[in-house]
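Q: Sequence:
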Amino acid sequence: MVLVSVIDPSGQLSYWPVAVEPAPPPPPPPTAAPPLPTTSRKRKHEDEAASQPHIKKPRNAFMLFLNEQRPKVAAEKGMKGSAAVNAAVGQMWNSLSKEEQARYYEEAEAERLLHTMLYPGWSTAANYGKKRKRTERTDAM
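In terms of the UniProt record's numbering, the sequence shown has 21 at position 21, counting the first letter as 1, and numbering is strictly consecutive.
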């Protein structure tokens, strides 16, 4: 209870008891909503790519030859740099006769056929990033 002073029309001061309800407690401060999970386009693309297995291309004839000869050439010539070893193996490949190269071409064809049977819907484009469609911007002047 609170006494309130009131001046009546005759000019006399009087006090009246008034019941005052307590003010309701202030509402709790709004809690910030947890931030929405956001992922950048790059991160989203990486997540999508990680969910799909990476299927390698079948090796061609030269790659089969290179994988066979690289350790031998590196050991014989004492080369450590990959570029130098690859250049030496490339020269060896060019010096091979067509008959000697034919063995590697046959192996490559067999590997390609096996790859086609294992992954029938696979294409080389599946291993590379998708290009985003470009949108034309109009400058408002």
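Mixed in with the good hints there might be a few duds.
Below, a list of computed lysine to aspartate or glutamate pairs in the EDC-like style, where the Cα atoms sit at most 16 Å apart [what the hints assert, rightly or not]: (1) 56 / 111; (2) 57 / 107; (3) 57 / 109; (4) 57 / 21.
Simulated restraints, written as ranges between beta carbons of each label pair [as the list claims (entries may be wrong)]: (5) 81 / 32: 54 to 64 Å; (6) 120 / 33: 41 to 51 Å; (7) 63 / 126: 15 to 25 Å; (8) 121 / 30: 50 to 60 Å.
Source of the hints: derived by calculation from the structure; they are not laboratory data. Glycine is no exception: its CB is placed at the ideal position from the N, C-alpha and C atoms.
Q: Next pair to validate is residue 57 with residue 107; report whether the Cα-Cα distance is within 16 Å.
A: holds (14 Å)
Q: Can the restraint linking residue 57 and residue 109 be considered satisfied, given a maximum Cα separation of 16 Å?
A: Holds, at about 12 Å.
Q: Cβ-Cβ distance between residue 63 and residue 126: within 15 to 25 Å?
A: holds (19 Å)
Q: Is the straight-line distance between the alpha-carbon of residue 57 and that of residue 21 16 Å or less?
A: The hint is violated at about 80 Å.
Q: Looking only at beta-carbon atoms, does the pair residue 121, residue 30 fall within the given range of 50 to 60 Å?
A: 52 Å Cβ-Cβ, so the 50 to 60 Å window holds.
Q: Taking 54 to 64 Å as the stated bounds, is the beta-carbon spacing between residue 81 and residue 32 within them?
A: With a Cβ separation near 56 Å, residue 81 and residue 32 satisfy 54 to 64 Å, so the hint holds.
Q: Run the distance test for residue 56 versus residue 111: straight-line Cα separation, threshold 16 Å.
A: holds (12 Å)
Q: Could you see if the CB distance from residue 120 to residue 33 stays within 41 to 51 Å?
A: holds (48 Å)
Violated hints amount to a single one, hint 4; each of the other numbered hints is respected by the structure.
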